[in-house]
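J.: Okay, so the sequence shown: first residue is 1 according to full-length UniProt numbering, each after it adds one.
Treat the hints as calculated values from the structure; they're not laboratory data.
Keep in mind that the hints are not guaranteed to be accurate.
Said to hold, decoys possible - Once the Cα atoms are required to be at most 16 Å apart in a straight line, the calculated EDC-like pairs of lysine to aspartate or glutamate come out as:
| # | residue 1 | residue 2 |
| --- | --- | --- |
| 1 | K24 | D107 |
| 2 | K24 | E106 |
| 3 | K250 | E106 |
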Amino acid sequence: MIQDVRLQIRELAAPVAQKLGIGKISNFADVIFLSFVFFTTVHNSLSPAVSGVLFPVSYGKAGKRARNNWDIRAASLVHSILIIFLAGRCLNLPSLDQNRAFGWHEDVGFLIAIATGYFIWDTLESIIHFSDIGFVFHGISCLLIYGLSFTPFVPYYAVRFLFWELSTVFLNIHWFLDKTGKTGSALQLVNGIVLITTFFCVRCIWGAMMSYEFFVTLNSVHDQVLTPYLIIYGGGNVLLQGLNWFWFTKMIAALAKRFQGKPNGHKVVNGKTKI
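Please model the entire structure based on the sequences and the hints provided.
T.: Next up, the structure:
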């Protein structure tokens, strides 16, 4: 029964995928759909149920908007842990390294499908509960970049840029410590140091190195790629790198405030706020 439904989803997606020129996406349309359903379920059902039991005060007595922000963070934390594990399995695939522009492997297809389903949820959530245009741009950029990877196009770099999510693990932990009365604690200080170090190393340093190699690859195949791809991938890379540096400076400023003596009632406006 379940297998039949998955096959139907793939068959329905095939004509659209072919028309858009991203044929391989139809083979993973069911995974993308299930990924979207899974993270929507974590957000709307699993997180409220588990958090209400484990944190009856911090979560149970919070307002509707605050609980939604909490549930967004829970979905983000689950995704970041899962995607890092899956990306690690694809890091040394020979077929990708041999052809960094157009190489392909079924394992990376599964990885990108999970990420695409998540970013569909993330983009919709950023729009529905709008708080910052940066989150909307981030969601749309990631959705386009990972969705179009099914062409296939630069899945080698898709794997590597997903390692940015390593910093998201500590970012979400930092946020939860805030919400459970641990602001300014030794535990949050340690996590903050790990967060800053991880964010800088993975997103700013590793990200800059991968971006350079990415543009070298992009330049080598620019005559084999449609102009919209060059615009989306080139512009998206610049946008996301810019957001990384912007958020990095915001994190340093926020952490400095947290540990200047007694906590001062710092408020996080939206559950997806980077700090």
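J.: For every hint, state whether the structure bears it out.
T.: Evaluation of the provided hints:
1. K24 x D107: holds, 12 Å
2. K24 x E106: holds, 10 Å
3. K250 x E106: violated, 38 Å
Checked against the numbered hints given earlier, this structure breaks only hint 3.
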